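Chains B, G and Y supply the protein sequences, listed in that same order. Per the numbering used here, the first sequence starts with residue 311, numbered consecutively. Per the numbering used here, the second sequence starts with residue -6, numbered consecutively. Per the numbering used here, the third sequence starts with residue 903, numbered consecutively.
The hints are simulated quantities; they were obtained by calculation from the structure and are not laboratory data. Since the structure is predicted, the reported quantities are computational estimates derived from the model, not experimental observations. It is possible that part of the hints are untrue.
Unchecked claim - Derived lysine to any residue pairs resembling SDA-like cross-links, with alpha carbons at most 20 Å apart: (1) G:K94 with B:R592; (2) B:K321 with G:F16; (3) G:K173 with G:H159; (4) G:K(-1) with B:P506; (5) Y:K1126 with Y:L1085; (6) Y:K1021 with Y:S959; (7) G:K255 with B:I488.
What the hints assert, rightly or not - Covered by chain Y, according to a simulated footprint, are these stretches of chain G (three or more residues, beta-carbon under 8 Å): (8) 158 to 165; (9) 174 to 184; (10) 197 to 203.
Where a beta carbon is used, it is the ideal one built from N, C-alpha and C, also for glycine.
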Amino acid sequence: MATTQSRTLAKMMLFPSVTLLLAWMIVPLCMTLYFSFLDYNLLMPGDNEFIGFLNYEFFLTDPAFIESFFNTLLLVGGVLFITICGGIGLAILLDQAIWGRNYVRIMVLAPFFVMPTVSALVWKNMFMNPVNGLFAHLAEFFGATPIDFFAEIPLLSIIIIVSWQWLPFAALILLTAIQSLDREQLEAADLDGAGPFSKFIYIVLPHLSRAVTAVILIETIFLLSIFAEILVTTSGGPGYSSTNITYLIYTQSLLQFDVGGGSAGGIVAVIIANIVAIFLMRLIGKNLEG
Amino acid sequence: MNSSNKSKVVYTILAWTISGMIFFPILWTMITSFKTESEAISATPSLFMFEWTLENYKDVLARSPYFDHFMNSVIISLGASLLGLLIAIPAAWSMAFVQTKRTKNLLMWMLSTKMLPPVGVLIPIYLLFRDFGLLDTRLGLVIVMTLINLPIMVWMLYTYFREIPHEILEAARMDGAGIKEEIFHVLLPIALPGIASTLLLNVILAWNEAFWTLILTAANAAPLTAFIASYSSPEGLFYAKLSAASVMAVVPILILGWFSQKQLVRGLSFGAVK
Amino acid sequence: MGSITLKQVTKSFGDVNVIKPLDLHIRDGEFIVFVGPSGCGKSTLLRMIAGLEDTTSGNIDIDGEDATNMPPAKRGLAMVFQSYALYPHMSVRSNIAFPLKRAKVAPAVIDEKIEKAAKMLNLTDYLDRKPGQLSGGQRQRVAIGRAIVRQPSAFLFDEPLSNLDASLRVNMRLEISELHKSLDTTMIYVTHDQVEAMTMADRIAVFNGGIIEQVGTPLELYQKPVNRFVAGFIGSPKMNFIEVPAKAGDDTHSIGVRPEHLKITQERGLWSGKVGVVEHLGSETFLHVHVEGAGTLTVKADGDCPVSYGDTINLTAAESKIMHFDKDGVTIPSLSWGEERVA
Chain B
311 MATTQSRTLA KMMLFPSVTL LLAWMIVPLC MTLYFSFLDY NLLMPGDNEF
361 IGFLNYEFFL TDPAFIESFF NTLLLVGGVL FITICGGIGL AILLDQAIWG
411 RNYVRIMVLA PFFVMPTVSA LVWKNMFMNP VNGLFAHLAE FFGATPIDFF
461 AEIPLLSIII IVSWQWLPFA ALILLTAIQS LDREQLEAAD LDGAGPFSKF
511 IYIVLPHLSR AVTAVILIET IFLLSIFAEI LVTTSGGPGY SSTNITYLIY
561 TQSLLQFDVG GGSAGGIVAV IIANIVAIFL MRLIGKNLEG
Chain G
-6 MNSSNKSKVV YTILAWTISG MIFFPILWTM ITSFKTESEA ISATPSLFMF
44 EWTLENYKDV LARSPYFDHF MNSVIISLGA SLLGLLIAIP AAWSMAFVQT
94 KRTKNLLMWM LSTKMLPPVG VLIPIYLLFR DFGLLDTRLG LVIVMTLINL
144 PIMVWMLYTY FREIPHEILE AARMDGAGIK EEIFHVLLPI ALPGIASTLL
194 LNVILAWNEA FWTLILTAAN AAPLTAFIAS YSSPEGLFYA KLSAASVMAV
244 VPILILGWFS QKQLVRGLSF GAVK
Chain Y
903 MGSITLKQVT KSFGDVNVIK PLDLHIRDGE FIVFVGPSGC GKSTLLRMIA
953 GLEDTTSGNI DIDGEDATNM PPAKRGLAMV FQSYALYPHM SVRSNIAFPL
1003 KRAKVAPAVI DEKIEKAAKM LNLTDYLDRK PGQLSGGQRQ RVAIGRAIVR
1053 QPSAFLFDEP LSNLDASLRV NMRLEISELH KSLDTTMIYV THDQVEAMTM
1103 ADRIAVFNGG IIEQVGTPLE LYQKPVNRFV AGFIGSPKMN FIEVPAKAGD
1153 DTHSIGVRPE HLKITQERGL WSGKVGVVEH LGSETFLHVH VEGAGTLTVK
1203 ADGDCPVSYG DTINLTAAES KIMHFDKDGV TIPSLSWGEE RVA
């Protein structure tokens, strides 16, 4: 739908974005790939010999990798599950006629704007601290033993914190989607004798599928590389019980200065992300654009 | 009272309770920031009945150069977002108004770069930054923030631009406008709300970004994310001061976010909801 | 000046030929209408003339100069779009001034031209409003105003009235015709509405499937359509077509009679059938008559026609009003409007 002239122009205008992103992706990635085959440790200056797949072997056979791989899946999956279910519930609630809807919406959205380091710190110290945290006070008030969140259920604690951050986003997107639902459809369903439950299953949920897809896509992009929340709360521990892949590679490369090993881990992370990405792109290719 | 009013009361109570619980951690932090340390860890915490004090804010300001961090955050997030707009607007124009068979794939590819885990490129970027002297500089972070948010900016702008009828731009072309005039006199003014929300969202994302800011900065260019991370231990046990610092880090962006909430939700959903 | 010549012009998107090789000469000062069903290529051709689409092959000459590869702004044409395409962020005044500013016209001259155009189009009171505050008809006038001030060599209209409601459409139709008479500038007008085409055009080009089926004055197209397509497209209600059995020495495959040429008679005529739906419009009545072997025929009768649902009536038509088409749908002139019959 255009002339040759405007097509040439369009190519020129795309050029900066495409080149920059290409460079941002390719250059460091090639370097990472290269380092991943070297025996390269910043603490031990030397020849940085070529050692083949040894770094990969070490990284992949390290029990910490298996553990952090499953932690990553649990973290992403858990947060997605909580935020989408909670988000749908909240969206339906906020869609009802209520007083002060604007204030409610402002309160619900607030956690999305809180920086991860702040929310991690606040939750860690003021709520989940086993001695002085608010939850501990509450438990004592009811005569129960306070939970030591980060020692007993470290990963779940992080899932709770991250879900709190992302629930507003999911809820608001789903609310906007619900509000765009054609009211006549619901009225037609009323005339056809559908109850609230079947209206939800057959009309509301299918209508939300696009928005749910968008939420999954965007959240996954950010959740795969959760970092600050772990660094600030548990530092990955106890043991590796709350370490995800991002954090594992961080400890290996920047704390143990093992560039080779960290790079191998980085490449593994990229491969995992690509698998997830292909899966997601299929999903949105079908659902979001169509 | 009829039944629809009754259900309105029930829903209102439910909605306020749940949203109050979601908002509570922020409210609690705000309140704690005005308490003394001993009151902050009291086993019988009080919501309002305590001595209000500003001591904590004074202490935080005395302990660390808050305003330096604040300025770093402002410069990095605003700089990266403006630079990003400059690069993303032409790209989004191309995709929205001169669509080809490849446009969709290109968009998908751009978004996929966003899925590249930062750890995958952590070491090279760290080393490159070290070699180019970009470690712990604002410029370095502006570059990184621009690049990591570029795909989101392009996509958001694309969804906004796509809603502008082609005919308006064609009319401008018929009226003798060159490409520069077409973009500056016609496209940008019409798309202003969308551009503003793209800018806002990216300021927020950059403001809160806490991977690269923590790794690539030490003292000079450290933004508020790094400032607040320094409270992780053992100062974190001083709840009142931690709260004051948190409030200072969060409130600017919270206010910005509240003002732009409607636009943000629409923009962030990549056009999945209208 | 404003003559436009299309020579062997084609347009394809990939493998799809939207415009097949096409020749057309548009005379200076002429009001020509491109009419046809949707997807027939009429809008694409207009956009090619405007320079908003590339021409795949062939030449477009404007005032004798080859303009095939000229950018739109250089062609000296003005276009009025279906959606008006007003700049929503500018006042009416700025909208009209936009092309003049691009052409670096002096501010005093711009003001003068705007005043003149506004007066002509009854927009004087609205000059400082935004397009969003105007009605559909007013927006349309602003779009026309924006086109007029440039004093283009030709105006291009792309279905300009299709977003207006029916009564407004009739008014705007008159205004555009009026405008053409007073400006005396070439106008190319695209529409899918044959009534607009018939009422406004000096000449009509009927498009179908990327080719021009026929070019001619409204009356020519009505009286002497070259094929079944044109015969069916021009005229309302549509012409009735009836398949006829093959006869030796006669190529006629089907015949066509316009509803207004069918007469109800007492004695047995050419057809007889059962009356179906009767539509009373006051000034006239449309009857849908089911005729054995000929399908449903539409008849345009007098307003006070006493026929009602279920009646059986006889129909006939003057031999001179019956068109004959061969097996390809092409009109057989000798049988349809042969010399002897006109005489």
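### Query
Of the hints given before, which are not true for this structure?
2, 5, 6 and 10
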